[in-house]
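Could you build the full structure based on these sequences and the hints that come with them?
Here the sequence shown is numbered in the numbering used here, starting from 13 and rising by one per residue.
Simulated from the structure, these hints should not be mistaken for lab results.
Be a bit skeptical, because a hint or two may be false.
[Stated by the list, open to error] Calculated pairs, SDA-like style, for lysine to any residue (alpha carbon to alpha carbon, straight line, at most 20 Å):
#, residue 1, residue 2
1, Lys175, Ala205
2, Lys175, Glu23
3, Lys175, Glu199
4, Lys175, Arg113
5, Lys175, Pro95
6, Lys175, Ala203
7, Lys175, Asp24
8, Lys175, Glu187
9, Lys175, Leu192
10, Lys175, Ala111
11, Lys175, Val189
12, Lys175, Ala90
13, Lys175, Ile160
14, Lys175, Pro22
15, Lys175, Lys150
16, Lys150, Asp130
17, Lys175, Arg196
18, Lys175, Phe185
19, Lys175, Trp103
20, Lys175, Asp194
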Amino acid sequence: MFPPFDQCPPEDIATLVETYPLAWIVTREFNATLLPLLAEPAEDGMIASLLGHCGRRNLIVPDLQANSNALILFQGPAGYISPQLVSEPNWGPTWNYAAVRFTVEIEFVEEETPEAVDRLLDHMEGSGGDRWNPALLKDRYDGMIAQIIAFRAHVRDVSPTFKLGQDEPRPIFREIVAGLDDRRLAEWMEARARE
13 MFPPFDQCPP
23 EDIATLVETY
33 PLAWIVTREF
43 NATLLPLLAE
53 PAEDGMIASL
63 LGHCGRRNLI
73 VPDLQANSNA
83 LILFQGPAGY
93 ISPQLVSEPN
103 WGPTWNYAAV
113 RFTVEIEFVE
123 EETPEAVDRL
133 LDHMEGSGGD
143 RWNPALLKDR
153 YDGMIAQIIA
163 FRAHVRDVSP
173 TFKLGQDEPR
183 PIFREIVAGL
193 DDRRLAEWME
203 ARARE
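Below is the structure:
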């Protein structure tokens, strides 16, 4: 029996955030922006907080200074599942996806701004000696870093939805996985089916 859509182990949620770090941040005033975020795990493996940075002029900044509560929405692999992939004549189309919604309280951590930028660079470019380095900006770096501010989103609630075909009969599931052009979505479906 496949796991329900909303029951995901912490490592699946962490993998989604790590693989798809670009997330929507939505304030109580309904200002929203896309920003890359890094998961900071607790000892139990659950995501305790998310580290990011944004421009000081971003509309979310005054909103979050007035009310620190927000939603953060991550979307992983997603795709339309056509009935043409399935041999069953009375099967209807659907959409498979993996997503996570975090309810958070955001704290601005201005003193961590350079570190937040470096950690994101390490995540995206790797930490090897050949990765791009902010020092290449020379004098521009100080001016640019002054225009952004780091924040930490403390997680208060997590709502995952991994709708990846786990409710399909095994033969239909196998047909969908075999026929999908989006191999990344197929891989996520297969990984979820093994749990």
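Now the hints, each set against the structure:
no.: 1; hint: Lys175 <-> Ala205; in the structure: holds, 11 Å
no.: 2; hint: Lys175 <-> Glu23; in the structure: holds, 16 Å
no.: 3; hint: Lys175 <-> Glu199; in the structure: holds, 13 Å
no.: 4; hint: Lys175 <-> Arg113; in the structure: holds, 14 Å
no.: 5; hint: Lys175 <-> Pro95; in the structure: holds, 17 Å
no.: 6; hint: Lys175 <-> Ala203; in the structure: holds, 12 Å
no.: 7; hint: Lys175 <-> Asp24; in the structure: holds, 13 Å
no.: 8; hint: Lys175 <-> Glu187; in the structure: holds, 17 Å
no.: 9; hint: Lys175 <-> Leu192; in the structure: holds, 15 Å
no.: 10; hint: Lys175 <-> Ala111; in the structure: holds, 9 Å
no.: 11; hint: Lys175 <-> Val189; in the structure: holds, 14 Å
no.: 12; hint: Lys175 <-> Ala90; in the structure: holds, 9 Å
no.: 13; hint: Lys175 <-> Ile160; in the structure: violated, 36 Å
no.: 14; hint: Lys175 <-> Pro22; in the structure: holds, 16 Å
no.: 15; hint: Lys175 <-> Lys150; in the structure: violated, 47 Å
no.: 16; hint: Lys150 <-> Asp130; in the structure: holds, 15 Å
no.: 17; hint: Lys175 <-> Arg196; in the structure: holds, 14 Å
no.: 18; hint: Lys175 <-> Phe185; in the structure: holds, 12 Å
no.: 19; hint: Lys175 <-> Trp103; in the structure: holds, 17 Å
no.: 20; hint: Lys175 <-> Asp194; in the structure: holds, 15 Å
In terms of the numbered hints stated before, the structure departs from hints 13, 15, listed from lowest to highest.
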